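All chains should be modelled from the sequences, with the hints used to inform the complete structure.
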Amino acid sequence: MALADPTRRAILAQLERRDGASISELAKPFTIRLPAVMKHLDVLANAGLVTRSKSGRTVTVRLQAQPMREAMEWLRRYERFWSSSLDRLTSYAESKEAEARWRGR
Amino acid sequence: MERQMTSLTLVRRIKARPQIVFDAVTTAEGIAQWWGPDAGPVLTAEADPRVGGRYRVRFRMLDSTEHETSGEFLEIVRPERVVLSWRWKGGVEDPGESRVEITLKAVPEGTELTFVHSQLHDEETCRSHEAGWTGSLDKLEAHFGAGNVP
Numbered sequence: 060m061a062l063a064d065p066t067r068r069a070i071l072a073q074l075e076r077r078d079g080a081s082i083s084e085l086a087k088p089f090t091i092r093l094p095a096v097m098k099h100l101d102v103l104a105n106a107g108l109v110t111r112s113k114s115g116r117t118v119t120v121r122l123q124a125q126p127m128r129e130a131m132e133w134l135r136r137y138e139r140f141w142s143s144s145l146d147r148l149t150s151y152a153e154s155k156e157a158e159a160r161w162r163g164r
Numbered sequence: 026m027e028r029q030m031t032s033l034t035l036v037r038r039i040k041a042r043p044q045i046v047f048d049a050v051t052t053a054e055g056i057a058q059w060w061g062p063d064a065g066p067v068l069t070a071e072a073d074p075r076v077g078g079r080y081r082v083r084f085r086m087l088d089s090t091e092h093e094t095s096g097e098f099l100e101i102v103r104p105e106r107v108v109l110s111w112r113w114k115g116g117v118e119d120p121g122e123s124r125v126e127i128t129l130k131a132v133p134e135g136t137e138l139t140f141v142h143s144q145l146h147d148e149e150t151c152r153s154h155e156a157g158w159t160g161s162l163d164k165l166e167a168h169f170g171a172g173n174v175p
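These protein sequences, in sequence, are chains A and B.
Following our numbering, the residues of the first sequence are numbered contiguously, the last one being 164.
Following our numbering, the residues of the second sequence are numbered contiguously, the last one being 175.
Be aware that one or more of the hints could be misleading.
Some but not every residue of chain B turned toward chain A, in silico, with C-beta under 8 Å [stated by the list, open to error]:
| no. | residue |
| --- | --- |
| 1 | R37 |
| 2 | V46 |
| 3 | G55 |
| 4 | L145 |
Below, simulated PhoX-like cross-link-like pairs (lysine-lysine); rule was C-alpha separation at most 20 Å, straight line [said to hold, decoys possible]:
| no. | chain 1 | residue 1 | chain 2 | residue 2 |
| --- | --- | --- | --- | --- |
| 5 | B | K114 | A | K155 |
| 6 | A | K98 | A | K87 |
| 7 | B | K114 | B | K40 |
| 8 | A | K155 | B | K130 |
| 9 | A | K113 | A | K98 |
Just so you know, the hints here were simulated from the structure itself, not pulled from any lab data.
In this text the structure is predicted, and so the values were computed from the model without any measurement.
All C-beta atoms in this analysis are idealised placements derived from N, C-alpha and C, irrespective of residue type, glycine included.
In structure tokens form, the structure reads like this:
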């Protein structure tokens with residue numbers, strides 16, 4: 060599972076803040092060794108979440124924007140769903156309250 | 026394996042006593058009045074509001090697509106708290122089961138409702154979407170987490 064690991068989530072968070080980073084830059088905040096970071100990047104790349112491009116001896120890692128955008132859209136749908144539902148729930152409950160008061164309960 | 030527990034949180038203040046809000050949330054009659062993402066109608070609402078009882082809601086959206094959600098009442102404490110499992114039926118939206126938790130607190134003006142939809146993805150969820158969802162959920166939580174009180 061691409062996200063089960065906190066190191067991988069931290070790598071994604073780093074990539075979200077900047078446009079591309081080298082593997083050694085990504086490894087810096089962690090106490091693990093470079094090969095371990097490479098392994099995490101393999102998992103993320105296989106999940107389609109990051110891309111790696113090589114220029115000379117430097118490998119640049121970038122976040123794949125499309126899956127993130129799709130994710131935002133997915134999540135907005137949930138937010139719209141509940142926001143709209145709770146708005147209607149609010150007016151419905153308030154009308155029931157008014158009704159109960161009118162009946163003197 | 027660690028399980029992602031990110032969630033969507035919304036807070037509403039409602040000018041109605043908790044008992045009334047609770048019944049609106051848990052009964053089929055109530056659910057039929059409010060469930061759904063837009064002004065489209067609820068077509069079917071069934072609810073058996075006791076622990077282990079099931080609910081099922083089918084609704085039509087304004088774009089005329091129909092969707093169905095169903096699940097189980099996991100906890101019921103009238104008029105304070107209700108927990109539901111949640112699943113889309115036959116949809117592509119989210120193959121996993123998630124959890125909806127609604128807590129009602131009496132406040133001078135009526136009720137403060139706290140809504141949490143959590144476990145929005147699980148081990149079954151498509152891997153490529155997963156990372157994105159987490160990042161976005163964290164962002165959304167940052168946005169709504171403090172309470173979206175109108």
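Structure-based check of all given hints:
Proximity of B/R37 to chain A holds as hinted, the smallest CB-CB distance being about 5 Å (cut-off 8 Å). A distance limit of 8 Å between C-beta atoms decides the matter here; for B/V46 the minimum to chain A is near 5 Å, and the interface restraint holds. With its C-beta approaching chain A no nearer than about 7 Å, B/G55 sits inside the 8 Å limit, and its interface hint holds. Contact between B/L145 and chain A, as hinted, is supported at the beta carbon level, the nearest pair being about 7 Å apart and thus within 8 Å.
About 31 Å separates the Cα atoms of B/K114 and A/K155, which puts this hinted pair outside 20 Å; it is violated. Proximity of A/K98 to A/K87 is assessed by CA-CA distance (about 15 Å); at most 20 Å being required, the pair is judged to hold. Straight-line distance between C-alpha atoms of B/K114 and B/K40 comes to about 33 Å, which puts the hinted pair past the 20 Å bound. A threshold of 20 Å between alpha carbons decides the hint, and for A/K155 with B/K130 the separation of about 18 Å falls inside it, so the pair holds.
Taking the CA atoms of A/K113 and A/K98, the gap is about 17 Å. The hint holds against a cut of 20 Å.
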